[in-house]
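Q: Use the sequences and the hints to build the structure in full.
The chain contents come next:
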Amino acid sequence: MSKKITIALAGNPNSGKTTVFNNLTGARQHVGNYPGVTVEKKEGSLEYSDYDINIVDLPGTYSLTAYSLDELVARNFVIEEKPDVVIDIIDSSNLERNLYLATQFMELGVPLVLAFNMSDVTDKQGLMIDKAKLSELLGTPIVFTVATKKRGMDELLDEAINLVEGRTKLRRTTVGYGREIQEELTKLEDILLKDKILTQKHSSRWLAIRLLENDSEVIRKVKESSYSDEILAQVEKSTHHLQGIFGDTPEAIIADRRYGFISGACSEALQRTYEVRHTISDKIDKVLVNRILGLPIFLGLMWLVFKFTFKLSEPLMGWVETGQEWLGNFVGGFLAEGSAIQSLVVDGIVGGVGSVLIFVPIISLLFLAIALLEDSGYMARAAFIMDRLMHKIGLHGRSFIPMLLGFGCNLPAIMATRTIEDRKDRFVTILVNPFISCGARLPVYTLLIGAFFSERIAGNALFSLYLLGIVVAIIMAKIFRRFLFNGPAAPFVMELPPYRMPTVKGLLIHMWERGRVYLKKAGTIIFVGCVLVWFLSNFPWSPRYSKDYDVLIEQAQGNEEMVVRLENEQAFEKLEKSFAGKLGKTVAPVFKPLGFDDWRVSVGLVGGFIAKEIVVGTLGTLHSVGEADEESPSLRAALQNQRRSDGSKMYNPLVAYSLMVFVLLYIPCVATIAVIKRETNSWRWPTFAAFYTTAVAWVIAFIIYQGGKLLGLGI
Amino acid sequence: MRGELLPLTMVVPGREVTLISIAGGRGLRARLTDMGLNEGISFKVLHSHRPGPCIVLVGNTRLVLGHGMASKILVKEE
Numbered sequence: 003m004s005k006k007i008t009i010a011l012a013g014n015p016n017s018g019k020t021t022v023f024n025n026l027t028g029a030r031q032h033v034g035n036y037p038g039v040t041v042e043k044k045e046g047s048l049e050y051s052d053y054d055i056n057i058v059d060l061p062g063t064y065s066l067t068a069y070s071l072d073e074l075v076a077r078n079f080v081i082e083e084k085p086d087v088v089i090d091i092i093d094s095s096n097l098e099r100n101l102y103l104a105t106q107f108m109e110l111g112v113p114l115v116l117a118f119n120m121s122d123v124t125d126k127q128g129l130m131i132d133k134a135k136l137s138e139l140l141g142t143p144i145v146f147t148v149a150t151k152k153r154g155m156d157e158l159l160d161e162a163i164n165l166v167e168g169r170t171k172l173r174r175t176t177v178g179y180g181r182e183i184q185e186e187l188t189k190l191e192d193i194l195l196k197d198k199i200l201t202q203k204h205s206s207r208w209l210a211i212r213l214l215e216n217d218s219e220v221i222r223k224v225k226e227s228s229y230s231d232e233i234l235a236q237v238e239k240s241t242h243h244l245q246g247i248f249g250d251t252p253e254a255i256i257a258d259r260r261y262g263f264i265s266g267a268c269s270e271a272l273q274r275t276y277e278v279r280h281t282i283s284d285k286i287d288k289v290l291v292n293r294i295l296g297l298p299i300f301l302g303l304m305w306l307v308f309k310f311t312f313k314l315s316e317p318l319m320g321w322v323e324t325g326q327e328w329l330g331n332f333v334g335g336f337l338a339e340g341s342a343i344q345s346l347v348v349d350g351i352v353g354g355v356g357s358v359l360i361f362v363p364i365i366s367l368l369f370l371a372i373a374l375l376e377d378s379g380y381m382a383r384a385a386f387i388m389d390r391l392m393h394k395i396g397l398h399g400r401s402f403i404p405m406l407l408g409f410g411c412n413l414p415a416i417m418a419t420r421t422i423e424d425r426k427d428r429f430v431t432i433l434v435n436p437f438i439s440c441g442a443r444l445p446v447y448t449l450l451i452g453a454f455f456s457e458r459i460a461g462n463a464l465f466s467l468y469l470l471g472i473v474v475a476i477i478m479a480k481i482f483r484r485f486l487f488n489g490p491a492a493p494f495v496m497e498l499p500p501y502r503m504p505t506v507k508g509l510l511i512h513m514w515e516r517g518r519v520y521l522k523k524a525g526t527i528i529f530v531g532c533v534l535v536w537f538l539s540n541f542p543w544s545p546r547y548s549k550d551y552d553v554l555i556e557q558a559q560g561n562e563e564m565v566v567r568l569e570n571e572q573a574f575e576k577l578e579k580s581f582a583g584k585l586g587k588t589v590a591p592v593f594k595p596l597g598f599d600d601w602r603v604s605v606g607l608v609g610g611f612i613a614k615e616i617v618v619g620t621l622g623t624l625h626s627v628g629e630a631d632e633e634s635p636s637l638r639a640a641l642q643n644q645r646r647s648d649g650s651k652m653y654n655p656l657v658a659y660s661l662m663v664f665v666l667l668y669i670p671c672v673a674t675i676a677v678i679k680r681e682t683n684s685w686r687w688p689t690f691a692a693f694y695t696t697a698v699a700w701v702i703a704f705i706i707y708q709g710g711k712l713l714g715l716g717i
Numbered sequence: 002m003r004g005e006l007l008p009l010t011m012v013v014p015g016r017e018v019t020l021i022s023i024a025g026g027r028g029l030r031a032r033l034t035d036m037g038l039n040e041g042i043s044f045k046v047l048h049s050h051r052p053g054p055c056i057v058l059v060g061n062t063r064l065v066l067g068h069g070m071a072s073k074i075l076v077k078e079e
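Sequence lines, in order, name chains A and B.
The opening residue of the first sequence carries number 3 in this note's numbering; numbering runs sequentially from there.
The opening residue of the second sequence carries number 2 in this note's numbering; numbering runs sequentially from there.
In case anyone wonders, no lab produced these hints; they're calculated from the structure.
Since we're looking at a predicted model, the values are computed, not measured.
Where hints are given, some of them may not hold.
[As the list claims (entries may be wrong)] No more than 27 angstroms apart at the CA atoms, straight line, and that leaves these computed lysine-lysine pairs for DSS-like: (1) A:239 - A:225; (2) B:77 - A:288; (3) B:45 - A:285; (4) A:6 - A:84; (5) B:77 - A:126; (6) B:45 - A:288.
[Unchecked claim] Examples of chain A residues toward chain B, derived with CB under 10 angstroms: (7) 73; (8) 253; (9) 373.
Note that the Cβ used here is the ideal one computed from N, Cα and C, for glycine as well.
A: See the structure below:
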């Protein structure tokens, strides 16, 4: 029977923590959320010697303060779940900064192993680390690792097990804070120790230090104590006392002492053989983040990303469609032709699954490209390059990539907002992203522009729609920032990692993670949405038709044209009399002020909730032209000639434009809603997004149509 | 120019500066301290899209500071 232990992986962002995690656990990983928060929790398992080891990948943090959610999550996990060992992954080329986090783990009193990762880089930089000496000074075992080459992984586990079995002979060391601070800490500890419950879970020294550092979370905990008044009074007294002596806040002095402790240890155990030269990264950066060249290079790269993903995903999406068709025909063959059950299976279920799968190629490829940019270290530069522009709209550089991806598809775009640390920035970016005109809206524009705009201005009309989407997104971002998520702009400070060659395994794992999250979390919602719309547009199954189509089609056999016409008419009448048709007729008056009071359009808009391009197909059915696409001349002609009952023309260029604006802005497709739900972890935001976008769409289409009419356009 | 206080957004790339103060709340200051940017420390500005974000070299680390962040950091050129 093997023994079970838990190891937590901690470390600064960019320390190679994820690579270590992947090396250790391979494919046996699963992703969840920490309870109550949207921070991702990655776990994996492996068997090693006699142990069944569960590995938890803590969020990458620089510190364990309570200022950021990631840090709080990491800290609470260590305190509450008490992992048997914490492995702190340290970027060896940047020791002093990385050891800061280690000192905080030491203070927490957890069993700690330090992995000095990327030790090959330090060799190149000419940095000699006296491992034995440094581990003695820090009181923790140290292992040299090169995660990208899988070096040192077994030694890491060996040291962890040594620690568990009590075979490590190292004396714990603590950061010396100097006599003045130590005195105050002792005073505080004396009072804290009175509360047995509090000090059972947390070491009194750690609590005392955190209290002096004004840690909001610890203060909150202490407030629950029966000795809270006494403790907090002492904190106040000590803080005041120390401030008097040092002329600075205790937290600043404590941080100083920690760095002092680290540099003291490092100066004894480290030897630089030669000065660090300009690394290759610096040379590359001279070009890539250049004031003038930076932006065009970035845009060029993004263009390549788009080309790459869309060119490559097109045939793959074709395969999914073909597969769906084949499967539909295959399964449908077993069921009675024209029956409700056949339609449910073929159009509802297989169609629904198809709607889910159709996004897989594009999501995977887009994230493969993003992983490439991220792992190579370029993403941080991109954020820097775009920061100046994004700052103007109240967001920062990191929000740019998701915005840009939105032009392809809002789904991966919203999933990509994960790289934005700040919750407010992230939510604003998520909420305005649907206004960025995705690829699925293009068929609608193509149809309407082709039908109502001369070739001369077609390009401008199309461009103006994209531009409108961007402008609305910017305005809404400003409004949200001001009223919904106000407060100071998030600090945007981020470490610039050196350029690295990404590993194929790392890239594939990144890609797979996103693909899986999408399938698992968003897939179900998309599927249910598709089946729902199928139901609405197919039921009641056998409405009372105005003609007996079955008999008529029977009679018309041999006259191919007649049969097709009758079938189209039947499809039209079925949809007209379906729930969706009724719904369309009910809501049609709402669109009257926007210029399009045609119930057919309303039904199309209902269908557009599945995917915006469906508007085209639905309009095709409702104009009895059968299966139509955006280039179909018969559908264009049908739209051009559509008349109201009083004989006036239903459409003109102004109405068409108003409709396109509405399609651009109204409720995001079901897949986007599903992803917003997944990324915000609540139904509140997707519901909000659905309503506010539709309201914005109505208002702007109204302004455009009524304004246009006043100016005498389109009559 | 020597000895004059100026926001980090205005520093010409290539200059060495000393951090004098951070005009921000506790959270902001703590975040910067965690990343090695505390008051009194000297660092070099590597790249800057003046006035705007910049990349600085602190010890052996390169940090990207956004426009908003950099404008809150007051430095003295050396």
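Q: Indicate, hint by hint, whether the structure satisfies it.
A: These are the hints, each one checked on the structure:
Taken as a hint, the residue 239 of chain A and residue 225 of chain A pair is honoured in the structure, with Cα atoms around 17 angstroms apart against an allowance of 27 angstroms. With a C-alpha separation of about 24 angstroms, the suggested pair residue 77 of chain B and residue 288 of chain A falls inside the 27 angstroms cut-off, and the hint holds. For the hint pairing residue 45 of chain B with residue 285 of chain A, the CA-to-CA distance comes to about 16 angstroms; that is within 27 angstroms, so the pair holds. With a C-alpha separation of about 13 angstroms, the suggested pairing of residue 6 of chain A with residue 84 of chain A holds against the 27 angstroms cut-off.
Distance check on the hinted pair: residue 77 of chain B and residue 126 of chain A sit about 34 angstroms apart at the alpha-carbon level, beyond 27 angstroms; violated. As the CA atoms of residue 45 of chain B and residue 288 of chain A are separated by approximately 15 angstroms, the hinted pair is consistent with the 27 angstroms bound. At about 9 angstroms, the closest approach between the beta carbon of residue 73 of chain A and any beta carbon in chain B falls short of 10 angstroms, and the interface hint on this residue holds. With its C-beta approaching chain B no nearer than about 7 angstroms, residue 253 of chain A sits inside the 10 angstroms limit, and its interface hint holds.
The restraint placing residue 373 of chain A at the interface with chain B is violated, with a minimum CB-CB distance near 20 angstroms, outside the 10 angstroms limit.
Consistency note: the structure conflicts with the earlier hints numbered 5 and 9.
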